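Residue numbers (our numbering), protein chains in the order written: chain A, 1 to 596; chain B, 1 to 273.
Note that these hints are calculated values from the structure, not bench results.
As the structure is a computational prediction, the values presented were derived from the model and not from experiment.
A couple of the hints might just be wrong.
Calculated lysine-lysine pairs in the DSBU-like style (CA-CA distance at most 35 Å, straight line) [stated by the list, open to error]: (1) K136(B) with K154(B); (2) K71(B) with K136(B); (3) K67(B) with K79(B); (4) K180(B) with K523(A); (5) K136(B) with K180(B); (6) K67(B) with K523(A); (7) K180(B) with K154(B); (8) K241(A) with K79(B); (9) K177(B) with K154(B).
Chain by chain, the residues:
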Amino acid sequence: MVDATHGPDAHAAEFPDVELYHPRSWWTRYVFSQDAKVIAIQYASTALAIGMLALVLSWLMRMQLAFPGFLTFIDAAAYYQFITMHGMIMVIYLITALFLGGFGNYLIPLMLGARDMVFPYVNMLSYWTYLLAVLVLVASWFTPGGPTGAGWTLYPPQAILSNTPGQESGIVLMLVSLILFVIGFTMGGLNYIVTVLQGRTRGMTLMRMPLTVWGIFIATVMAMLAFPALFVACVMMLFDKLLGTSFFMPALVEMGELLPHDGGSPILFQHLFWFFGHPEVYIVALPAFGIVSDLISTHARKNIFGYRMMVWAIVIIGALSFVVWAHHMYVSGMNPYFGFFFAVTTLIIAVPTAIKVYNWVLTLWRGDIHLNPPMLFALAFIVTFVNGGLTGLFLGNVVVDVPLSDTMFVVAHFHMVMGVAPILVIFGAIYHWYPKITGRMLDNTLAHLHFWVTFLGAYLIFFPMHYLGIMGVPRRYFESGDISFQPPSAHDLNIFITVMALIVGAAQLVFVFNLIWSIRHGKPSGGNPWRATTLEWQTPETPPVHGNFGRELPVVYRWAYDYSVPGAAEDFIPQNQPGTNPPHSEAPKKRRGAKS
Amino acid sequence: MVVAVVLVLIVVGSVVFHFLSPWWWTPIASNWGYIDNTIIITFWITGAVFAAVVLFVAYCVWRFRHKDGQKADYEPENKRLENWLMGLTAVGVAAMLIPGLFVWGQFISVPAEATEAEVVGAQWQWAYRLPGADGKLGLSDTRLVAADNPYGIKPDDPNGHDDVLIEADYLHLPIDKPVKMLLRSVDTLHDFYVAEFRSKMDMIPGAVTYFWFTPTRTGQFEVLCAELCGTGHPYMRGGVVVDTQEDYDAWLAGQQTYAQLYAPEVLKTADID
Ligand code: HEM
Ligand SMILES: [Cu+2]
Ligand SMILES: [Cu+2]
């Protein structure tokens, strides 16, 4: 895979540039565009828009938990609908779509020195299928019975039974929407994978790729292997619901009536769901890992520490995460001996994950740290990710999970590790690449306001929440005030958490305002405001135009992390700058140069 | 500067909160103190790692933040350091995993002397069944559930006739006697959870799941449902009363058996024969 002697001029097969597809009208340029950069923005805007809905739902849920009965339109059914839609939108339609469809589309071709994705037409279809999936999901609010309230895990049999809101049609629309999402994602994902494997410019060996691309690449490979499990689970449940099959439905009594189903297994669904669901955690984490590595390196003006180790850690985490899924099922009633196996695999993943954390913080060591907004968010990511990752060691350690599973401890844990942490990276990434996308800087004061409120607020929401879970308060409780062991002070904590949630949510409006306002009024950024090495910052125009790189594609001569190279004139050397300083073609293996 | 101070405050604040928090686990009432111990070990190890990492970041931000003329080091990798860190992490992980697996081994090995008690979940209430004089529970099947057979007990299984049915919110258990809880559901997923016993397990229609424990403290403990089971999920409450042996015997004497309660046809025909 890696060929160390592979200089830029020794590139094996050289193909002439393929003629790009060129849009002929406004419609094909901006709407039905095949340009990955436009598709990226479409993906990102759609994801952020639907994400706002998920945010509002979190407000409503928190209002119910702190001030039960205050908002009279929230009854138990509505609460469960909010939970389900909030969770599903956040995980799938916001974070997954934004990282892969948004950042993947924008950054893969630009960072690899390609003119576009390899299959632009399929790429366009990917977005429109995703949009359709979002619309189908939203449509369920307008059907009789409303959206499903089955919880984002959609566990059968309850998901398709009465006493679950949305039993009429909400659940069907949810399953159809997920199926559409997987189809759309597969189209995009094939593109990302083939582009990474085939579309790199001369000299861009795999081991010279920025970690951002590595993270997105491996996450996409994982998604291609994990989403099919979700896909078949959805199809099977649709059959159970609409055709009366019994894949997941044992004989059971619904409201005193024996249903015609027989012989199915609810646990089978759980295995399928988590075979997708656990890798999904890493599908959102790996792009975050990659991006945050590049943010830290760029803004600390220092090469990422242990690049090769970082790449291997990403690959190993990706592989291992397919053999840990049943740690979500320790108390599901599956064969208890599985617990041994899954606890071991789960805790083993902690090792490569810890390596990544060490390498981030060691990159800061003896750096030249510029506390720009992207760096602030990267630091906040380290704090929240380490916190959430460590509580994962509680839940992964099978016997410790027994008292904690299905409590607020779990809610706090996964929000910290796969909610707050990746979202902080998304913010950092937007502050980082916005100048490339628009040619203007985001406002710095608003950025700081947004940063401090979001980071500290989110920590204050989710850190104390763990302790409610340790006490034993279950999750997915529409009301929890009357639990016997709960002291009245727990209610004060709930009020505090809700107030923080409202404030953090409001801070996101500052961010949205900044995004919109700066398109016209931001300071012009120039082509490379952060003085970064990677190819997207070396485009002739900013924002990059159709075809990305003008007449000649860039040629790559070095890895992505030549910051503060001893003896170099500047504190960064772009990847496409020729020369033998430093004289290496891959990630340098040894420490060179004396201490400064 | 501000950033470094805030990072230090996060560590200090989190540690102080941990020790002062009025929200902590309920006083334990079962033999699973081992689980609490494993949690404590995990807290110490993870807490130390969290503090170390965040304080290290705070130090770096304070010490290496940009000043004019400053230049970063160029240090691609350091194999020795990386290997050391990997080794230490592996040791830390093992220190949590090994006691954890050991306790899990106990959690799933039911002692031979444990008596059985069945819990049946149905939206949104709990019911219980004890094996009766013969010490054996009769077979059951969801397809037999009916108004005159809410537990779905097989009428032709003689083991079931003396089963004690407790169609009430409270189950009584004798103190210091290990008990194997057999969990069953007739409609959807539920989860039998008592915080003070530190244990829970899902109930699945069409299957029987289990866990075991020994009650170690008399008193009344709330049963919560811990698996989403429809809109009534938070209201699915019950209780376990842990009695001294005498109290337990007195309570048990007042309960009725399947035969007494539902006198199934089969039983009558059996009597005539
Ligand atoms: C300030 C931001 C957020 C707040 C205040 C918030 C609040 C909540 C609340 C109150 C619940 C329901 C807890 C329960 O009763 O069980 C919940 C569930 C959930 N949230 Fe969030 N959330 C936030 C952000 C996120 C993000 C960024 C994600 C992305 C991963 C996320 C994913 C989920 C998931 C997957 C669930 C579980 C839904 C279920 O139980 O079916 N949330 N959130
Ligand atoms: Cu998982
Ligand atoms: Cu329930």
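Results for each hint:
1. K136(B) with K154(B): holds, 13 Å
2. K71(B) with K136(B): Violated: K71(B) and K136(B) sit about 78 Å apart, past 35 Å.
3. K67(B) with K79(B): holds, 30 Å
4. K180(B) with K523(A): It is violated: about 69 Å lies between the C-alpha atoms, which goes past 35 Å.
5. K136(B) with K180(B): Holds - the C-alpha atoms of K180(B) and K136(B) are around 12 Å apart, at most 35 Å.
6. K67(B) with K523(A): holds, 24 Å
7. K180(B) with K154(B): holds, 21 Å
8. K241(A) with K79(B): Outside the cut-off at roughly 56 Å; violated.
9. K177(B) with K154(B): Given that 35 Å is the threshold and the Cα spacing comes to 28 Å, the pair holds.
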